[in-house]
Amino acid sequence: MNAASLPYTVLVLLVELAVGSLAMVTVFDARRQVTAGYVKAGALFVLPLGLLGGWTVSTLEPRTEIDGYALADGWLRPFTAVLLAFLACSVVYVVAAFGQRRGASMVSGVAGSAVGLAGLVLLAGFLGGPAWSSVGLVLSFVASTAVLGGALMAMTWGHWYLTSGRLPKEPMEQMALVVLVALGVQAVLVVAGAVLPVRAVPASDGAGIELLANPAFWLRVGVGLLFPIGVTWLAFKSAQIRGMMSATGLLYIALGAVLAGEVLARGLLFTTGNAV
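Here my numbering is used: the first residue of the sequence shown is 185, the next is one more, and so on.
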């Protein structure tokens, strides 16, 4: 990964974490499976992540390429507008959550999740020109959002459980399953991104290296997919027997692994054009 593409990689990660966390908390709050305190904690994750994403996008200058990787700069302004709308929903969500206004928090959570999904589509349009498929990159972003948001909020629920011991274990189990399914979708998309030809090969230093000969690709597969699948499965099984301390620790490890995998994936996107 070159320095020029680093802000774009950070932007993708921040948006995925913010949107995934908000969607996960909103879904489980709608099912009345989590506590009001947990919802407040989730709100305090979402807003700072969104603000950091907004700050990151404000530092980006309009340009048509980064180190030979083509950008569809016409998508940047619409994405920025949608990100601001997501931030507005996040502010309302925080105020509603801390004001014990569940109806308002649900409305703002659903609206923010929908706006965030639209933002992911626009972000994929902005960055996905060289990739094998714009739709494929959208699916990759959505799957990553589910993985990151699910892992972060499942880990947080584990902490909440450990402070009481009387909370239900089902949210941890179900969030872990969401992460596992999303990792499975990612695995399919990685195979597609590795096999199908890119639409435009970036004129970057790493473009001449075959993907399968690139160590970063195998790190992405091993560290970012296979390892977290195994660790998350162990966390799921631990949660089933109420081994919540073990499950929480395992999800810490899984979250670190998937974050590393996402950084590697976006680095490979900008250097090779392969959406893996």
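Everything labelled a hint here was simulated from the structure, so no lab data went into it. Fair warning: there could be bad hints in the mix.
Calculated pairs, SDA-like style, for lysine to any residue (alpha carbon to alpha carbon, straight line, at most 25 Å) [unchecked claim]:
1. K224 to A280
2. K224 to S318
3. K224 to S317
4. K421 to L410
5. K421 to F411
6. K353 to D251
7. K421 to A280
8. K353 to L364
9. K353 to A272
10. K421 to A272
11. K353 to V365
12. K224 to L410
13. K353 to N398
14. K421 to H343
15. K353 to D213
16. K421 to I437
17. K421 to T347
18. K224 to G320
19. K421 to W344
20. K224 to G451
21. K353 to V299
22. K421 to G433
23. K421 to G440
24. K421 to L351
25. K421 to E354
26. K224 to F411
27. K353 to A269
28. K353 to H343
29. K224 to V291
30. K224 to A272
31. K224 to A269
Since this is a predicted model, take the numbers as computed values, not measurements.
Status of the hints after comparison with the structure:
Distance check on the hinted pair: K224 and A280 sit about 9 Å apart at the alpha-carbon level, within 25 Å; holds. Under the criterion of a C-alpha separation no larger than 25 Å, the hint pairing K224 with S318 is inconsistent with the structure, at around 35 Å. A distance of roughly 38 Å separates the Cα atoms of K224 and S317; the hinted pair therefore is violated under the 25 Å criterion. For the proposed pair K421 and L410, the alpha carbon gap of about 17 Å is at most 25 Å, so the pair holds.
The hinted pair formed by K421 and F411 meets the criterion: a straight-line CA distance of about 16 Å does not exceed 25 Å. Annotation: proposed proximity of K353 to D251 is violated, straight-line Cα distance about 48 Å (limit 25 Å). With a C-alpha separation of about 35 Å, the suggested pair K421 and A280 falls outside the 25 Å cut-off, and the hint is violated. Simply put, K353 and L364 have alpha-carbon atoms about 17 Å apart, close enough for the 25 Å limit, and the pair holds.
Of the pairs offered as hints, the one joining K353 and A272 is violated, with about 32 Å between alpha carbons and a cut-off of 25 Å exceeded. Proximity of K421 to A272 is assessed by CA-CA distance (about 38 Å); at most 25 Å being required, the pair is judged violated. For the hint linking K353 to V365, the alpha-carbon distance of about 19 Å falls within 25 Å, and the restraint holds. For a cut-off of 25 Å, the pair hint linking K224 to L410 is broken: about 33 Å separates their Cα positions.
For the hint pairing K353 with N398, the CA-to-CA distance comes to about 41 Å; that exceeds 25 Å, so the pair is violated. As the CA atoms of K421 and H343 are separated by approximately 17 Å, the hinted pair is consistent with the 25 Å bound. At roughly 15 Å between alpha-carbon atoms, K353 and D213 fall within 25 Å of each other, so this suggested pair holds. Restraint check for K421 and I437: the C-alpha separation of about 15 Å stays at or below 25 Å, so the hint holds.
Annotation: proposed proximity of K421 to T347 holds, straight-line Cα distance about 20 Å (limit 25 Å). Using a Cα cut-off of 25 Å, the hinted pair K224 and G320 is violated, with the two alpha carbons roughly 34 Å apart. For the proposed pair K421 and W344, the alpha carbon gap of about 18 Å is at most 25 Å, so the pair holds. With a CA separation close to 34 Å, the supplied pair K224 and G451 exceeds the 25 Å bound.
Proposed proximity of K353 and V299 is contradicted: the alpha carbons are some 30 Å apart, above 25 Å. Our distance criterion of 25 Å between C-alpha atoms is met by K421 and G433, whose separation comes to about 13 Å. Between the alpha carbons of K421 and G440 the distance comes to roughly 20 Å, so the proposed pair stays at or under 25 Å and holds. At roughly 17 Å between alpha-carbon atoms, K421 and L351 fall within 25 Å of each other, so this suggested pair holds.
Only pairs whose Cα atoms come within 25 Å are accepted, and K421 paired with E354 is accepted, the gap being roughly 12 Å. A distance of roughly 31 Å separates the Cα atoms of K224 and F411; the hinted pair therefore is violated under the 25 Å criterion. A hinted pair counts as satisfied when its Cα atoms are at most 25 Å apart, and K353 with A269 does not qualify at roughly 34 Å. Taking the CA atoms of K353 and H343, the gap is near 12 Å; set against the 25 Å cutoff, the hint holds.
For the given pair, K224 sits about 15 Å from V291 by alpha-carbon distance, which is consistent with the 25 Å threshold. A distance of roughly 17 Å separates the Cα atoms of K224 and A272; the hinted pair therefore holds under the 25 Å criterion. Between K224 and A269, the direct Cα distance comes to roughly 20 Å. Compliance with the 25 Å bound is thereby established for this hinted pair.
When each numbered hint is compared with the structure, violations occur for hints 2, 3, 6, 7, 9, 10, 12, 13, 18, 20, 21, 26 and 27.
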